[in-house]
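Peer 1: Construct all of the structure, not just a fragment, from the sequences and the given hints.
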Amino acid sequence: MGSQTEQCLNCEAPLPPPIARGGRPRKCCSDAYRWVFGRKRARRWRPLTQRHQRQDGTRKQRRHLRDQAEHLAQTAGKLALDLHAEDLAPPTQQTGWKPGPIAGYTAAALPLLAQARAVLAAAVTADRAAGATWDEAAAVLDVSPDTAARRYRY
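First residue of the sequence shown: 53, per the numbering used here; consecutive thereafter.
Treat the hints as calculated values from the structure; they're not laboratory data.
Fair warning: there could be bad hints in the mix.
Quick list of in silico lysine to any residue cross-link-like pairs, SDA-like style, CA-CA up to 25 Å [stated by the list, open to error]:
#1 92 with 63
#2 130 with 159
#3 130 with 141
#4 130 with 143
#5 112 with 181
#6 92 with 59
#7 79 with 67
#8 112 with 126
#9 130 with 118
#10 130 with 158
#11 112 with 171
#12 112 with 170
#13 112 with 165
#14 112 with 127
#15 130 with 173
#16 112 with 186
Label pairs and their in silico Cβ distance ranges [what the hints assert, rightly or not]:
#17 115 with 195: 22 to 32 Å
#18 91 with 115: 35 to 45 Å
#19 172 with 109: 16 to 26 Å
#20 135 with 199: 32 to 42 Å
Every residue, glycine too, gets a C-beta built ideally from N, C-alpha and C.
Peer 2: Below you can see the structure in the form of structure tokens.
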């Protein structure tokens with residue numbers, strides 16, 4: 053009997069005597085108060101759990117954003133090195149003197165645009181995982197919240 057609480061955790065009324073068949077010691081004076089106490093306990097822990105889940109989601113989205121940005125930087129660096137090597141070559145060996153596609157520079161830059169869009173989508177997803185609203189994301193993107201949600205929601 054020493055480990056049992058003598059008062060109800062909700063209303064501080066004295067607890068009824070324990071039943072003869074055993075079981076757990078009572079903490080509340082009635083089933084209704086037991087349910088109320090359970091709901092209070094769940095509410096107390098729910099925000100903490102949700103915050104941890106949001107932090108885990110944010111961490112995962114931030115890692116994805118970093119990977120996308122690194123891939124974009126590598127591709128842009130490769131294009132810059134190719135253009136620099138072309139600048140160092142004699143004029144007769146540069147692209148303008150060779151027969152081939154007229155829009156070679158545009159074709160070389162097009163994958164960068166696709167990767168930049170992927171980085172932007174990953175950034176919006178990371179912001180949303182961190183708790184930003186569609187209104188906040190739309191203000192940065194200079195579009196309506198509905199348009200931002202339609203473009204970047206998975």
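Peer 1: Give me the numbers of the hints this structure contradicts, sorted from smallest to largest.
Peer 2: Violated: none.
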